[in-house]
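Asker: The chain contents come next:
There are 2 protein chains.
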Amino acid sequence: MEKRFYSDLRLGILGGGQLGRMLIQAAIDLNVSISILDPAADAPCRPYAHHFTQGNLKDYDTVMAFGETCDVITIEIEHVNTEALEALQAMGKHVYPDPKTVRMIQDKRLQKQFYRDHDLPIADFVLTDSKKDLDPYRHWLPAVHKLGKEGYDGRGVQMLRSEADLEKGFDAPSLLEKLVAFEKEIAFLVSRNPLGEMAVFPPVEMVFHPEHNLVEYLFAPAVLAEQVVKAGETIVKQLAEQLDYVGILAVEMFLLKDNSLLINEIAPRPHNSGHHTIRACRTSQYEQHLRAILGLPLGDVTQHTPAAMVNLLGEAGFSGPVEYEGLNEVLAMPGVYPHFYGKTETRPFRKMGHVTILGNDPESLKQTVTAVKNTLRVISRS
Amino acid sequence: MEKRFYSDLRLGILGGGQLGRMLIQAAIDLNVSISILDPAADAPCRPYAHHFTQGNLKDYDTVMAFGETCDVITIEIEHVNTEALEALQAMGKHVYPDPKTVRMIQDKRLQKQFYRDHDLPIADFVLTDSKKDLDPYRHWLPAVHKLGKEGYDGRGVQMLRSEADLEKGFDAPSLLEKLVAFEKEIAFLVSRNPLGEMAVFPPVEMVFHPEHNLVEYLFAPAVLAEQVVKAGETIVKQLAEQLDYVGILAVEMFLLKDNSLLINEIAPRPHNSGHHTIRACRTSQYEQHLRAILGLPLGDVTQHTPAAMVNLLGEAGFSGPVEYEGLNEVLAMPGVYPHFYGKTETRPFRKMGHVTILGNDPESLKQTVTAVKNTLRVISRS
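Protein chains in written order, with my numbering: chain A, 106 to 487; chain B, 106 to 487.
In isolation and in its complexed conformation, chain A is listed as follows (with noise of 0.2 Å):
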């Protein structure tokens, strides 16, 4: 007989952070029963999880006998060993997304490479292997070298501004990608599920800090022409269906000043830029990842408030057990929502929550995001 979502199916995901931890809400009112392999023994997902096992997510023997023991797998996260959810795909088990994408995904070289040959919109590139790769493309400076493979918040990007800085590029497998003069940087997040179905959830846009480069929020629906909005719907869509993607899966671009859009990255899970969704969208990135991949109809994407969403970093200079400063403060704002990790310790930059922001439109949402990044701190006494 076949198991069903709501009685005896197990769903397994590879990664038992905050992402994982917010499909387990989404997951309880379907009652997917959760299992849930992270290396971390204190993995915030794991006081909700049903069955939690701790294991190295690269390891082959570990995610094989993890996966065995469930119907449906997933990933939050992407640096997961692909050989061994390949192995448990020829088994019979339902592993979305599927594993040569998340393999594609890993390596930004192939990433690339994909975009170009399905005439997908992209700021140009060239393959490196070597730094002495670099020396013909000194025209291109400034320009952004990226490690192919293990880059992740950050590291194995280097900017290269100027000749004297060709010394700092990578000396290993990599890509050199032109800079890109834009507008505005966005995310579309697309699910798609087994049948082909597809949704778009409205685009969000990310607001960079003036000095620090740094993104500072993000709000939704982003303030874009129609047409912006359309020709994102139509790259996305193309996109999912070239992968024959199966979950959701979050596309962020450069708007240009013509208004065309280049794809930069792409995340084959739910993403930090989906977070509003819970709160602002009828169905939530969460739900409809769990819609997706157990074969369901997808839900309405409808955003019914406009929103904003705050990463809770773990400010620099403070480690040890967390505290949040201003906490009763932000409570006491109507709209603001925060949204706690369940991480103990708090570490400089370390994402220990967010905060969703409920408002009117784009500038009031702005006001109360400078309200609470004024007031809650993420520090510790001890």
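FYI, nobody ran anything at the bench for these hints, they're computed from the structure. Model, not experiment: these values are computed from the prediction.
Heads up, the list lumps identical chains together, so a pair's fine if it works in one copy or across two of them.
Below, simulated DSS-like cross-link-like pairs (lysine-lysine); rule was C-alpha separation at most 27 Å, straight line:
no.	residue 1	residue 2
1	Lys283	Lys362
2	Lys108	Lys456
3	Lys478	Lys108
4	Lys283	Lys335
5	Lys273	Lys283
6	Lys471	Lys362
7	Lys342	Lys205
8	Lys108	Lys205
9	Lys254	Lys456
10	Lys283	Lys237
On the provided structure of chain A, position chain B as indicated by the hints.
Answerer: Structure of chain B alone, referenced to chain A:
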């Protein structure tokens, strides 16, 4: 050092059913550690509780032993041992709502007397201790005879239509209530925190089946004249203050032809009439209850989307491992969101889950309710 909810504070809930389960979903955002006491080994909360104790909610020693391990204690069902709660309160535990209020609500006679003493609007009633006390009130018929204690979900309530029915009255402490010809049955959810701050959700309307005299579905916001909403808000705020209430309080009311309101019943906990708040309001009744009992500022109760709620009851004639017929079809309807309670066995009329329907107006909601009710069935094939 004071315990903080996001780190080491432990919240104990008496009862581990669906209301506790949805409280846990909200508690994950605030990173509140939850302990559950419930008599059932397979209680809906169990997979998601940090600590689960199987035990009798009415047993003094069991509730004491459980409560001693907690910092804040609340209930998701009112049939609990209030002496133990009072002893825990005397030990310095935060017990919300107050055990005195819970005891008063457990006894419909004390409840009615409280309303009368505080000039709150109710249907006329008299207390009875035996059937023969009904004699002088023959001229009140048709009327309702209600057992003071232990009534629940229709048990302990007897309609007395004619003198021949007097024999069916209760030979125990009860109350006889005049039957009220009401236009609508509505509910208000009010929350109050220890500082006395209050917030009232937009009211909910119960729609009865034209033939069966059972609630068919609920929708919110109720279609009411502005002054009726204001009057209802005033009554529930007055009630919450008079009870020195902390937490969320559900107040069911009758709307009469002359637009006046009478209090029917109250529940000192999250309530069936507030399930829709999870999807339709900025703050859910569950998060609001947590904010109140944790001494935090209350959340914004704005309802962003009109919603209906249908209880998912086990069909008559089916008992055993649950199956949901028509589930894929209802998931394909825009704005339809099932919430399952994790109960593996269905029984006739058992609450197995609910479906929230998000729409644009009462008429389109009604159409989708009808479609959902005609499509989704809770059965068993074994």
